[in-house]
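Here my numbering is used: the first residue of the sequence shown is 1, the next is one more, and so on.
It is worth saying that the hints were derived from the structure and are not from the lab.
For glycine and all other residues, C-beta sits at the position ideal for the given N, C-alpha and C.
Possibly wrong hints are sitting among the right ones.
Heads up, simulated EDC-like pairs for lysine to aspartate or glutamate below, C-alpha to C-alpha not over 20 Å straight-line [to be verified]:
1) 329 x 341
2) 336 x 353
3) 137 x 96
4) 336 x 326
5) 137 x 166
6) 329 x 284
7) 336 x 368
8) 334 x 368
9) 137 x 161
10) 329 x 277
Cβ-Cβ distance ranges computed for the label pairs, FRET-style [unchecked claim]:
11) 92 x 194: 51 to 57 Å
12) 99 x 30: 45 to 51 Å
13) 99 x 226: 53 to 59 Å
14) 351 x 209: 47 to 53 Å
15) 92 x 261: 45 to 51 Å
16) 44 x 163: 52 to 58 Å
17) 232 x 309: 43 to 49 Å
18) 28 x 60: 39 to 45 Å
19) 93 x 40: 37 to 43 Å
20) 100 x 205: 23 to 29 Å
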Amino acid sequence: MLSHMEQDRALFAQMEAEILDIEAQMAALVQSRRAVRDAQELIWERLQSYKYPVLSLPNEIVAEIFVHAIPPYPDLPVPRTCPSTVLTQICRQWREIAIGTPQLWRTINLVAQNLPIPQGRSFDSQQAFSQASLWLKRSGSCLLSVHAEDLTPALPVLLPERARWEHLKLSVFDHLPPDMQDCLFPSLRSLNVFRMSTDSATPFRIHSESAPLLHSVTLFTRGGGAVDLPWAQLTSLRLRILKTPDFRRILRQTRRLVHCTLYGYSVIRDPDGLGSEISLPHLESLNIQLDDDGEMDDVLESLLVPSLQVFHVSEDTLGSGSQPIETLKSLISKSKCMLREIQITDAAISSEDAYRTAFPSIARVMVDSI
């Protein structure tokens, strides 16, 4: 029994010594922790006093950087990932600068799939109205680039600002919304319209008096409805319509054109227009493409383009019943133009070597075979 008591006393004393040792280690750790905490607080104070270079820049410089960080005007951003909106979410200082920089808000995109619609909700007119109102307010007095599938929901807020519309892209069924038909657009320079009407009796009309600065038009139309635009003042035209007579009627009025792209489908020959000259004295670039096996060689035969430098065309557009190289030679000879670039797409009749041999003076000849 005595031996057990001695063992317990010895074990107790050993444990007491271990406890004292642990307490000493704990005291040392507490002291170390206090020293690290004090050092951390000093570093935190230094960090709080540190001025990041970008945050020390004058607001005017930061605003200029912001303007160069977004897609160049008049390109339209996607609002869900729009840099202008993102810039308002970085910090309070940047938010104030972004909201106070009108150039960040002058491109208004009201296409349904691009609006920041909360998950589970569908597009409604109030969403477009709110989006337009917010961006119009922030854009100040800047000229605007507007893209809308349907302007009608946002017209009450957009139309009073029509004097600021510089670039307009929209889809319409036949004509402009009634509230827009007699309006003036004094700053409008470019118009991009996708027209879905098949009613040939329904006109789409903008007069030169309504848009005196309009110089660039992109018009895609599915139907044959009448289109009345200030053709005579245009310098750039991208056109997709149904029939050759429509091309002829329009081109005869566009003598100021510098750049022209023509797309067509279901193209028919125009016997009444044969031999009637279409003079485009300032045209420098021409791109003609067909969507089917139609021909436009009768239009080409009528063209007089003395300033033409760049010509892109699909080979069957030159006429499947004749040699495309001869059609090209005729156009160049008659117009007396100095082409520096031709591109032939969907080539199936003549090879690239044949084109290069036929046009040795043209610096750049590109032929894409089928």
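A quick look at each hint next to the structure:
no.	hint	in the structure
1	329 x 341	holds (14 Å)
2	336 x 353	violated (23 Å)
3	137 x 96	holds (14 Å)
4	336 x 326	holds (15 Å)
5	137 x 166	holds (17 Å)
6	329 x 284	holds (17 Å)
7	336 x 368	violated (26 Å)
8	334 x 368	violated (26 Å)
9	137 x 161	holds (11 Å)
10	329 x 277	holds (17 Å)
11	92 x 194: 51 to 57 Å	violated (41 Å)
12	99 x 30: 45 to 51 Å	holds (50 Å)
13	99 x 226: 53 to 59 Å	violated (45 Å)
14	351 x 209: 47 to 53 Å	holds (52 Å)
15	92 x 261: 45 to 51 Å	holds (47 Å)
16	44 x 163: 52 to 58 Å	holds (54 Å)
17	232 x 309: 43 to 49 Å	violated (23 Å)
18	28 x 60: 39 to 45 Å	violated (56 Å)
19	93 x 40: 37 to 43 Å	violated (27 Å)
20	100 x 205: 23 to 29 Å	violated (40 Å)
In summary, the numbered hints that this structure violates are 2, 7, 8, 11, 13, 17, 18, 19 and 20.
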